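Each chain is listed here by its residues.
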Amino acid sequence: MNNFNPLIHSFPYLLRGAGMTVLMATTSVVPATILGVLLALLQVFGNRALRTAVIAYVFLIRGVPLLVLLTFAYYLLPLTGVDLPPFWGVVLVITFYYAAFMSEVFRAGILSLPQAQWDAARSLGMTRPLLLQIVILPQALRLAAPPYVSLCVSLVKATSLVSIVGLWELTMASREVVERTLAPFQVFIGAGAIYFCICYTLALYGRHLERRVIHGH
Amino acid sequence: MTQRPMLEISSISKSFGAVQVLHDVSLSVAPGEVVVVIGPSGSGKTTLLRCINLLEDYERGAIAVDGEPIGYRLQGNERVRMSERDIAAARATVGMVFQSFNLFPHMTVLQNIVAAPVRVKGVPRVRAEARAHELLGTVGLSDKAAEYPVRLSGGQQQRVAIARALAMDPKLMLFDEVTSALDPELVGEVLAAMRQLAQGGMTMVVVTHEMSFARDIADRIVFIDGGVIVEQGKPDEILFTPRTERVRAFLKRYNDRYRI
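Residue numbers (the working numbering), protein chains in the order written: chain A, 18 to 234; chain B, 4 to 263.
These aren't lab readings, by the way, just hints derived from the structure by calculation. Computed from a prediction, not measured in an experiment: that's the story for all the values here. Hints may contain errors.
[Claimed, not checked] Using C-beta positions, here's what the derived DEER-type ranges look like: (1) D219/B <-> F62/A: 42 to 48 Å; (2) A73/A <-> D172/B: 44 to 50 Å; (3) Y222/A <-> E188/B: 55 to 61 Å; (4) L130/A <-> V129/B: 41 to 47 Å.
Yeah, the Cβ is synthetic: ideal placement off N, Cα and C, and Gly gets one too.
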């Protein structure tokens with residue numbers, strides 16, 4: 018237990034795994050954010066059919082664990098004849114999964130703005146797309162920033178699940194090292210520390226952004 | 004020949020659910036005229052003002068600003084709602100100042116003022132900014148262009164809101180209880196800006212509880228109660244020799260409350 022040599026020796030390998038984790042997370046978070054904003058707008062402004070469709074989607078996704086979705090996609094995608102590399106298949110699932118949660122965060126941001134802001138923008142002759150662009154969304158996204166950053170942190174950690182469907186990243190790399198070294202405690206303490214560093218950095222950056230956009234201007 | 008009115012409200016009615024708040028209200032405002040609307044809380048004053056630029060929809064009647072319909076066109080006997088784009092364009096000709104200022108908190112004072120002229124009317128930014136500085140000068144806030152609204156007092160915010168509305172060069176200005184949310188010592192500076200505007204010939208419809216200001220600034224006072232215009236006339240007629248019992252009762256309550 019006291020011997021941390023296995024961790025020290027395998028640390029570069031774990032860091033390579035962490036690189037893959039970061040790559041997977043950043044590749045997913047951008048489209049998830051865009052889709053999340055889009056779904057939020059559809060839910061607030063869409064016609065009844067679109068609203069219902071988005072609400073159904075959000076409820077469905079929120080009700081099913083990510084691991085189940087990943088496994089489902091793992092078996093389903095080959096059947097559909099879509100020849101997608103596993104990395105992109107996983108990115109797709111994580112994107113659609115987190116977009117549902119993000120859309121709720123953005124929707125809350127939009128709805129929490131006082132009616133007075135809409136009135137003021139309308140009274141100045143702004144059309145809906147313009148008032149969304151320059152009055153509503155900039156404020157709504159700021160309000161949504163803290164829960165949004167939490168979701169991004171959660172997304173980073175969720176990438177650890179993809180090792181189940183055979184994709185190599187930090188958790189998978191850790192398991193391989195454990196199999197070779199039989200030192201699970203040391204190795205997973207190391208893996209946990211790496212995850213913590215990634216997420217803590219992200220959270221700090223989120224705080225920094227928040228301070229800048231809300232207070233610092 | 005009579006002049007074409009700047010604002011023509013023809014028999015509008017408006018309900019919130021089962022509650023009818025405006026009953027067949029008609030009002031005509033001449034260019035350059037200042038009309039002050041008074042009445043008890045819940046009488047429909049603010050709703051009437053919000054119908055003029057269609058922040059509230061109304062069920063019957065029509066409204067025109069400088070001869071142009073706003074909100075609905077008549078096609079034969081059919082009332083047809085204008086497109087959102089046309090409604091937005093019509094709103095751009097009417098300035099409105101709100102009780103709670105409603106500045107955009109994420110923009111500086113200057114950005115608040117130039118946003119609509121630049122993005123709605125396509126005024127070149129340099130010209131819009133020059134005009135904004137000029138307007139800030141007239142409301143006495145030349146040094147506040149770079150501030151964010153949160154750093155201004157209520158009175159200053161309200162004067163920025165007036166400048167923001169004026170930056171669109173509106174044909175008509177609507178003021179909705181613009182001093183009600185202000186500390187008493189800040190009311191004067193906002194009223195002064197409005198007085199200056201009225202003297203400059205702006206057509207204005209003002210909802211207010213400031214009776215002495217109403218008397219001072221108004222060409223005509225309109226008293227609304229229960230969603231109907233009960234009485235209208237010259238300020239001194241309404242305030243000192245009202246014809247109806249309802250106006251007398253309202254003014255008595257008002258005087259009792261504000262007598263020192």
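Status of each hint after checking the structure:
1. The beta-carbon spacing between D219/B and F62/A, approximately 44 Å, falls within the hinted interval of 42 to 48 Å.
2. As the Cβ distance of A73/A to D172/B is approximately 47 Å, the hint placing it in 44 to 50 Å holds.
3. Remark: the range hint 55 to 61 Å for Y222/A to E188/B is contradicted by a beta-carbon distance near 44 Å.
4. A beta carbon spacing of about 31 Å between L130/A and V129/B contradicts the range 41 to 47 Å that was offered as a hint.
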